[in-house]
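**Student:** Residue numbers (the numbering used here), protein chains in the order written: chain A, -2 to 323; chain B, 1348 to 1677.
Careful: at least some of the hints might be erroneous.
[Unchecked claim] SDA-like mimics (lysine to any residue), calculated; alpha carbons at most 25 angstroms apart, straight line:
#1 LYS208(A) x PRO1640(B)
#2 LYS204(A) x LEU1656(B)
#3 LYS208(A) x LEU1652(B)
#4 LYS204(A) x ALA1653(B)
#5 LYS208(A) x LEU1382(B)
#6 LYS204(A) x TRP79(A)
#7 LYS208(A) x GLY182(A)
#8 LYS204(A) x LEU1453(B)
#9 LYS208(A) x THR183(A)
#10 LYS204(A) x VAL107(A)
#11 LYS208(A) x ARG1397(B)
#12 LYS208(A) x ALA1653(B)
#13 LYS208(A) x ALA89(A)
#14 LYS208(A) x LEU1525(B)
#15 LYS204(A) x LEU1655(B)
#16 LYS204(A) x LEU1657(B)
[Unchecked claim] Beyond 12 angstroms from chain A on every Cβ pair, some chain B residues (computed):
#17 LEU1441
#18 LEU1520
#19 LEU1525
#20 THR1526
#21 PRO1639
#22 LYS1647
Hints listed in this document are in silico derivations from the structure and should not be mistaken for laboratory results.
We put the beta carbon where it would ideally sit given N, CA and C, even for glycine.
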Amino acid sequence: MKGLPPVLITAFVLVAGFALCAVQFPNIASTRVVGNLLTDNAFLGIVATGMTFVIISGGIDLSVGSVIGFTTVFVALAIERWGMPPLVAFAAILALSAGFGAAMGAIIHVFDLPPFIVTLAGMFLARGASFLLSTESVPITAPVYSTVSDFALRMPGGGRLTAVAIIMLVIVIGGALLLQLTRFGTNVYALGGSRQTASLMGVAVGKMTIKIYMLSGLLAGIAGIVFSFYTSAGYSLSAVGVELDSIAAVVIGGTLLTGGQGSVIGTFLGVLIQGMIQTYINFDGTLSSWWTKIATGVLLFAFIVLQQGLVALARRPAAKRAGAAT
Amino acid sequence: MTALLPRRGLAQILALIVILAVDRVVSPQFFDLRLQDGRLFGSLIDVLNRGTPVALLSLGMVLVIATRGIDLSVGAIMAISGAIAASLADSHGLPVVLAAALGAGLVCGLWNGFLVAVLGMQPIVATLILMVAGRGIAQLITEGRIVTFSSPGLVWLGNGAILGIPMPVAIALGMLILTGAVVRGSALGLLIEATGGNARASELAGVGTRAMILAVYVWCGVCAALAGVIAAADIMGADANNAGLWLELDAILAVVIGGTSLFGGRFSLILAVLGALIIQTMNTGILLSGYPPEFNLLVKAVVVLAVLLLQSPKLSGFAGIAARLRRTKA
């Protein structure tokens, strides 16, 4: 329950922001816009779900954007050039990206290195590998792609809930359940609270670290496949900087960057807030798209300061109690 | 001088020599130098020239990392200062342009330092804010365009030469000597290392750790701003989108290659700059060899991993155990 207040604030920011947008542009409050918002940010939602696990466990994963880029190129080449059936290509890339994440987790644990720099190396490696595969954009013409792109559930009001949006929602809900209801999720929180304490309480720290980064890699792979559905192409420069967007979404969603607190639902709301800012700027038409970055930066700052304040508040009574005891 | 020349550093010098030798094999004219219009030309000069921005960034970054921090925003600061310099260049004199651009870097550094030292944020998080927002700010300054200029003073900073040495290299050299003199000529370096080694213990021992942390972020911001001005002067324009893009990672890499531990507590300015030169020599070598430049990223990834594994506390633990075993056997 401790992670609840920041999420409530995130939800409030989202609702208030959406209301403000809707007052100015009544058309925003339609299922069409909401449907597009979900579709446009589907890959970000998926990858941010994985990032949430990593950050709650006290780590960080900078490689996800590059893994998405690699996935799109790999899938496009596998289907178009190497003649793999799409499902086989998907299975192969998911195994590859999960293995990549697991390898980074293993290096972080075994050699006791900062996750920041290990995943930075992973970021170079994955981006470099995707450049090696192909430097140009490879269009995907497989029939599965048009089927998936055309598939959508009609919402009342004319909005379309597309296949990629459904995949994202399923993963967000699945991620939330995994984090809140399973032993795995509890262990993630324990690791972020204190690695040493978790280890003393019997959590297999090494295995958990590997599994968490494997999950992040796997979700980055899925996000890459979704991205390739979204653009119907594979391009080695796609999703540059997505790692920052997803970290921002996680922080705005109320997850503590030092680990130990947070939620997948908050992250989802954080993704929606970023999407909402983008939508507002599109509707306005006169604002330059760079305001998205500045607004995200301001929100990041506000939420981090808020968290610092909350953490300080949470510590103060404990310190007082300790003072009274001695 | 002994303080500037590190005891360790043999590995980095050897690495540079090996890479230079490989470059010589790849391109036989690699060491050719010629003097033309009062300026030296050749692949070696090119390496120095192209390596300048990362070398400048690594000068600031190494101090930040020595305090156990990290600054992700240097690329964005480069974009901001480049944008300011380019927008003012044709309407104002060089001193005003430089003061405005470097002042912007100083303000950015103060902001980062304030977040880390006063609000107590994690350095990665604190500097992430400016990394995300900074490029947007730079875009606002240039109004989303690529701003070009023709002010001879600023262009000279990027393309001129002094005593045959290209200006960027001379500036970087000057900054290295200045930083070295200030940091190693006084107790400042020691205090910075103490802050990174154990901030609380240093605080109790009377070190003004907050002031130290604030100072290193400010210096890092100024170095980044200077790198941004040089990068803009080099291409006679400011591209807020791409100026300094991903250079923060190269700067961190240069510092790590230079043997400065990411866990703080010790640093070497010269080796960090050497690290920047190693990266640039590799880049130039790959370009000259005719391999696609995309190989750069792969090579970098492998180098980062190799250096990390060498630095790993676990591995040095193994080495320590091995040494102890050998001793007991003897």
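**Student:** Indicate, hint by hint, whether the structure satisfies it.
**Tutor:** Do the hints match the structure? See the list:
Annotation: proposed proximity of LYS208(A) to PRO1640(B) is violated, straight-line Cα distance about 34 angstroms (limit 25 angstroms). Proposed proximity of LYS204(A) and LEU1656(B) is supported: the alpha carbons are some 20 angstroms apart, at most 25 angstroms. Using a Cα cut-off of 25 angstroms, the hinted pair LYS208(A) and LEU1652(B) holds, with the two alpha carbons roughly 21 angstroms apart. Proximity of LYS204(A) to ALA1653(B) is assessed by CA-CA distance (about 23 angstroms); at most 25 angstroms being required, the pair is judged to hold.
Only pairs whose Cα atoms come within 25 angstroms are accepted, and LYS208(A) paired with LEU1382(B) is rejected, the gap being roughly 59 angstroms. For the hint pairing LYS204(A) with TRP79(A), the CA-to-CA distance comes to about 35 angstroms; that exceeds 25 angstroms, so the pair is violated. Annotation: proposed proximity of LYS208(A) to GLY182(A) holds, straight-line Cα distance about 11 angstroms (limit 25 angstroms). For the hint linking LYS204(A) to LEU1453(B), the alpha-carbon distance of about 44 angstroms lies beyond 25 angstroms, and the restraint is violated.
Restraint check: the Cα-Cα separation between LYS208(A) and THR183(A) comes to about 13 angstroms, which is no more than 25 angstroms; the hinted pair holds. Restraint check for LYS204(A) and VAL107(A): the C-alpha separation of about 10 angstroms stays at or below 25 angstroms, so the hint holds. For a cut-off of 25 angstroms, the pair hint linking LYS208(A) to ARG1397(B) is broken: about 41 angstroms separates their Cα positions. For the hint linking LYS208(A) to ALA1653(B), the alpha-carbon distance of about 24 angstroms falls within 25 angstroms, and the restraint holds.
Pair hint LYS208(A) plus ALA89(A) holds up; C-alpha atoms about 19 angstroms apart against a cutoff of 25 angstroms. Between LYS208(A) and LEU1525(B), the direct Cα distance comes to roughly 48 angstroms. Violation of the 25 angstroms bound is thereby established for this hinted pair. At most 25 angstroms may separate the alpha-carbon atoms for a hinted pair to count; LYS204(A) and LEU1655(B) meet this at roughly 21 angstroms. At most 25 angstroms may separate the alpha-carbon atoms for a hinted pair to count; LYS204(A) and LEU1657(B) meet this at roughly 23 angstroms.
Interface exclusion of LEU1441(B) from chain A stands, the closest Cβ pair being 28 angstroms apart, more than 12 angstroms. A cut-off of 12 angstroms between C-beta atoms confirms that LEU1520(B) is not in contact with chain A; the least separation is 28 angstroms. Here LEU1525(B) stays apart from chain A, with its beta-carbon at least about 28 angstroms from theirs, past the 12 angstroms limit. The claim that THR1526(B) is not at the interface with chain A holds, since no C-beta of that chain comes within 12 angstroms of its own (minimum 24 angstroms).
Distance check on PRO1639(B): its Cβ comes as close as 7 angstroms (rounded) to a Cβ of chain A, failing to clear the 12 angstroms threshold; non-interface status is violated. Interface exclusion of LYS1647(B) from chain A breaks down, the closest Cβ pair being 5 angstroms apart, not more than 12 angstroms.
Violated hints, listed in ascending order, are 1, 5, 6, 8, 11, 14, 21, 22; each of the other numbered hints is respected by the structure.
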